[in-house]
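Q: Chain by chain, the residues:
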Amino acid sequence: MGDADGGRARRWDPVVVGARPLDVDDLLGRVARGDDAAFAALYDAVVGKVLGLARRVLRDPGMAEEVTQEVLVEVWRTAARFDPTRGTATAWVLTMAHRRAVDRVRSEQARTERTQRAAARDGSVPYDEVAEGVAARLDREQVRRCLDGLTPLQREAVTLAYYGGYTYREVAERLAAPLPTIKTRLRDGLIRLRDCLGVQVGERA
Amino acid sequence: MSADIHTLAGAYALDAVDDLERAAFERHLAGCGTCRQEVAELRETAARLADDTTAEPVPVALRDRTLAAARRTPQERVVSEPDRPSPSGRRWPRWLTTVAAAIVAAAGASAVTWTVADNGTEQRQVVDENARRVAEVLTARDARVHQIAVEGGGRTVLVVSQERDRGVAVLRDLPAPGAGRAYQLWLIRGDDEPRSVGLLAADATTATSVVGPIDGASTFGLSNEPVGGSPTPTRVVALLPLR
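These protein sequence lines are chains D and X, in that order. For the first sequence, this note's numbering assigns the number 205 to the last residue and increments by one with no breaks. For the second sequence, this note's numbering assigns the number 243 to the last residue and increments by one with no breaks.
In short, the hints are calculated from the structure, not lab data. Keep in mind that a hint or two might mislead.
To be verified - Which stretches of chain X does chain D cover? Using the computed rule of at least three CB atoms under 8 Å from a CB of chain D, they are:
no., stretch
1, 33–47
2, 62–73
Claimed, not checked - Incomplete in silico selection of chain D near chain X, CB under 7 Å:
no., residue
3, 26
4, 48
5, 76
6, 94
7, 102
8, 140
9, 197
All residues carry an ideal CB built from backbone N, CA and C; glycine is no exception.
The task is simple: from the sequences and hints, build the whole structure.
A: The structure is reproduced here in structure tokens:
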């Protein structure tokens with residue numbers, strides 16, 4: 001089917017009957033059709049998480065802002081690729097953000113001392129508890145509680161990989177553990193987190 | 001080999017692999033449906049870890065810069081998934097089958113309206129016949145899912161199989177159409193006049209409807225019309241591009 005059906009848009013402009021708050025999945029669907037108001041709303045919905053994640057991984061506010069802008073423009077550009085059967089829109093955006101931040105931190109290796117990233121093992125980004133919504137706080141507390149439910153090795157491995165941006169080989173080195181063990185801990189740690197958080201995509205067989 | 005590489009699932013979901021390992025793992029995923037399911041869930045789980053990093057407040061200038069940069073950036077138009085082969089042909093969400101099955105089971109209930117449209121309207125087929133036709137579309141190898149929120153509330157999901165030349169429209173929780181009014185379904189090809197492919201009962205706000213033939217249609221439309229329908233749509237409430 002070609003795109004030479006612009007006449008349709010003129011005749012078929014829908015009348016907006018009433019706006020309801022839409023979730024991020026809905027917003028992303030509208031972004032895929034070039035709706036820039038939806039993009040602004042999507043930005044507002046996810047930017048706190050994207051920027052927070054980029055800061056945590058990159059440990060550099062300027063770079064974190066650059067990565068955040070790149071990721072959100074990429075979301076705008078490729079929104080049509082989002083497949084709701086593979087997960088939520090928020091996770092899609094954050095997956096992209098994490099990958100971008102990790103690529104960046106690895107490419108910075110030559111210039112930056114790796115030890116700086118050791119800070120990723122502890123300490124979180126300062127945030128304004130008052131400004132944070134109740135739902136966001138509950139989500140965060142749930143994540144912390146579930147992380148606490150992992151074995152120490154699972155928790156260390158998952159934390160270094162996700163927040164520190166380390167490869168599993170680097171994680172194994174840092175934790176002085178055998179490679180197969182770390183691979184296994186990353187997987188069973190995530191599986192335990194998944195079950196604790198009640199994450200489900202589609203319907204599991 | 002397959003069992004061995006699959007132990008990378010956690011590292012992969014956490015982006016803790018190098019480029020070669022990522023490529024190898026993605027080849028593995030291409031041939032393993034249950035692995036894709038596991039990885040999708042592990043990625044979703046990993047993304048939750050970002051809940052613990054939320055930054056407040058965010059600089060206002062970043063918003064302006066980002067929105068401006070997006071305005072300058074052209075969007076990809078086509079949804080292409082060549083890197084995600086789908087051996088079983090199941091691109092539609094599994095929940096949709098459940099929804100469809102539930103609707104089939106409840107087809108006798110007044111809350112559910114069945115419309116079977118075959119380039120016209122022919123309503124109230126027997127339930128088994130409906131179930132068969134819905135299943136035919138949902139299980140087609142090339143079934144694609146399109147969905148959109150409806151103005152005023154509710155959702156429209158349309159599963160289209162070009163192979164079968166049919167679609168299944170699942171309409172959920174639409175706003176009440178109003179006294180003496182009903183929802184009408186349309187397919188539009190290019191600049192042609194919209195073609196009516198179904199009409200819900202007056203007051204129906206939830207329906208599952210087999211629509212077709214698709215016949216090259218590029219857009220699915222839902223409109224609010226006087227009971228009995230209109231020759232052309234007058235009050236459009238949802239437009240869903242089919243590409």
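Q: Does each hint hold? Answer for all of them.
A: Against the structure, the hints:
no., hint, in the structure
1, 33–47, "holds (count 11)"
2, 62–73, "holds (count 9)"
3, 26, "holds (5 Å)"
4, 48, "holds (5 Å)"
5, 76, "holds (4 Å)"
6, 94, "holds (4 Å)"
7, 102, "holds (5 Å)"
8, 140, "holds (5 Å)"
9, 197, "holds (5 Å)"
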